[in-house]
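Colleague: Given chain P, put chains D, V and S in place with the hints provided.
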Amino acid sequence: MIVIFGIFLLTLLVITAIGIVRTDNLFVAVMLMGIASLLIAANFFLLDAADVALTEAAVGAGISTVLFLSALALTSERERAKSSNRILSFIVVAAAALIIIYATFDKPRFGDPEAPVQTHVAPWYLEKTPEYIDIPNVVTAVLGSFRGYDTLGEVFVVFTAGIGVLFLLGGGKAAGVIPQDKINEGLRHHLIPRVVGRVLIPFILLFGLYVQFHGEYGPGGGFQAGAIIAASVILFALLEGEQRALSVLPERALLGLIACGPLLYGGVGLAGIVLGGNFLDYSVLSSDPVKGQQLGILLIEAGVGISVTGVLLAIFHAFAARGR
Amino acid sequence: MELLGLYHYWVFAILLMIGFYAVIAKRNLIKKLIGLSLFQAAVFLLYITMGKVDDGTAPIFPETGAVVFSNPLPQVLILTAIVVGISTTALGLGIVVRIKEEYGSIEEHEIQEIDKR
Amino acid sequence: MAALIDTLSWVLLTLGGLSVLIGGIGALRMPDLYTRMHAASVTDSMGAILVLAGIMLQAGWSLATIKLIAILLFLLLTSPTSSYALASAALLAGKRPLAEIPQDQEESE
Amino acid sequence: MYYAVTIATLVTMGLALVRALLGPSVYDRVLAVNMFGTKTVLLLSVIAFLYGRPDFLDLALAYALINFIGVLAVLEFFRSRALRRSAEHGEGQ
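Chains as they are written, first to last, in our numbering: chain P, 1 to 324; chain D, 1 to 117; chain V, 1 to 109; chain S, 1 to 93.
Same shape as in the complex, but just chain P (with noise of 0.2 angstroms):
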């Protein structure tokens, strides 16, 4: 039956994304764009993926929808051109789509317990995270332990991208045909949304620090984190107005979050090499290895939780900064 569900949610992800391509309206396609990422969170959870579900709640619902706003606001509303060589391009588009098509008739059918996927290293995680890490979240343990390389590497990531848009849209002139005072009120003249926001604000905050250190027992971690706190912030910058929220907290504590996360990140992974282990083996943090790999997770989810907040903040003052 949750198969058929499952089919039904991602019949309406295609509907939905014809809609998107063929809207003429970037704002329809944005607001479509919010459906489709509902979408394929229902479709995460329904296959049993709950923590990335939960990743794509945090980053999809808000902060995604607010950055292409913003760029909207910045650029056009409209596209104005008519697509380029449609017809050439729908036939390489279809070819394609045959040829992937006829390749699954070869992949193992969905859910196979005998599939290639599922018989190569995963059993083994699922089998030692009791024994070396003993946490129940296997996710976190993979993704703070066992594969550590591969999760710095995406935080370095998420840490040039912020460096990029700063790069990008921090100095030079900006647009400035709207009033200063103008544009820095936010929504403080609609009374209801601001009060109910405020009320939420604290909330959202508490359940980012809860899915920040509960990471390792249920659904949750630093990238969920990050994202859930910058989308308080959010949330206050766009009640109060993008100046109230830089003074609550300003540009400088923000570049010092973006390189703060990293740097604990690899603190913590060079303390191992110290105390005589590998680069991020946690084992040795503590006399007894299973409180040390404990630790280590602890720690560089913090790192992370640190960086992705300060990364989508920075990004969603640079856009917001260029509208001034």
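Hints are computed from structural coordinates only; laboratory data are not their basis.
Predicted, not measured: the structure shown is a model, and the values here were computed from it.
Be careful, since some hints might not be right.
What the hints assert, rightly or not - The calculated label-pair distances, taken between Cβ atoms and stated as ranges, are: (1) D/I95 with P/L88: 25 to 35 angstroms; (2) P/E114 with V/V11: 40 to 50 angstroms; (3) P/L270 with V/A93: 52 to 62 angstroms; (4) P/N85 with D/I95: 19 to 29 angstroms; (5) D/E110 with P/V121: 48 to 58 angstroms; (6) P/L98 with S/A4: 31 to 41 angstroms.
To be verified - Straight-line C-alpha distance at most 27 angstroms; calculated DSS-like pairs for lysine-lysine: (7) P/K82 with D/K116; (8) D/K32 with D/K100; (9) P/K128 with P/K291; (10) D/K32 with P/K82; (11) D/K116 with D/K32; (12) D/K100 with P/K82; (13) D/K100 with D/K116.
C-beta: ideal position from N, C-alpha, C; glycine also.
Modeller: Showing chains D, V and S alone in chain P's frame:
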């Protein structure tokens, strides 16, 4: 039932190609980025689909009882990829905003015409 | 007692599902923005209350119930607020409700 | 019975999607997205119980908290658009 088991992969293929179509055929740069996001989403779905095991549950040990778990590895890869995806999309949007400021347009052919001059 | 709670929760869940569905039909079939908004937002809150209350009865007294209460509270705060915000934005942008438009102009709308 | 609620929610999601695709105004689409968000919260909480893993309610909680931001972002977008239009209009005169 055998064909139903492949439906997820077909949706992946179609979604991937819808995104690809937006990237190659649309001239608006933001629309291209939206297409790229769809493309990304399709790849995410493929990975998570492959990790699903029949009658499995999310790879978080419940307090009682051992059960069948789905594959944690694809989930780890995609979890990080989603956040990386939004950061790189933001970078792309940053570039588009700068292009708009310098060229006054975000339509590909207009930018090319300005470049020719 | 257990049977009573079970029955009550099934009744709540069924009513919740029904009201969610009615809201969906209303949002699709109503003639203009404000009537659609009315259909969607009222049943949104009603459906959320009924469905979540139904699940709460099933969950019993546990951490899950507290989370469900939190979800319900946040939904009851945010969902009407966003409907209100949307309606006021639409009204400020100059969209008039259908009832205010004189009959002869209605077709052009 | 969970199944009945799930099916009702899914069908409503489909109807909301139709509304989002049809429009006609942008407000209709925002309304549809908002509605879709609430339905997703309900769907996720029901499915968490259907799977027998109530600890996954965190997800529904995340959506209940974060969906609001999308609508506010849209509101802010409309506001800044109106400001920009009036500013451009003022310069043109």
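Colleague: Decide, hint by hint, whether the structure agrees.
Modeller: Hints, verified against the model:
no.	hint	result
1	D/I95 with P/L88: 25 to 35 angstroms	holds, 26 angstroms
2	P/E114 with V/V11: 40 to 50 angstroms	holds, 44 angstroms
3	P/L270 with V/A93: 52 to 62 angstroms	holds, 56 angstroms
4	P/N85 with D/I95: 19 to 29 angstroms	holds, 24 angstroms
5	D/E110 with P/V121: 48 to 58 angstroms	holds, 50 angstroms
6	P/L98 with S/A4: 31 to 41 angstroms	holds, 38 angstroms
7	P/K82 with D/K116	holds, 21 angstroms
8	D/K32 with D/K100	holds, 15 angstroms
9	P/K128 with P/K291	holds, 15 angstroms
10	D/K32 with P/K82	holds, 13 angstroms
11	D/K116 with D/K32	holds, 22 angstroms
12	D/K100 with P/K82	holds, 19 angstroms
13	D/K100 with D/K116	holds, 17 angstroms
The structure fails none of the hints (numbered hints given earlier).
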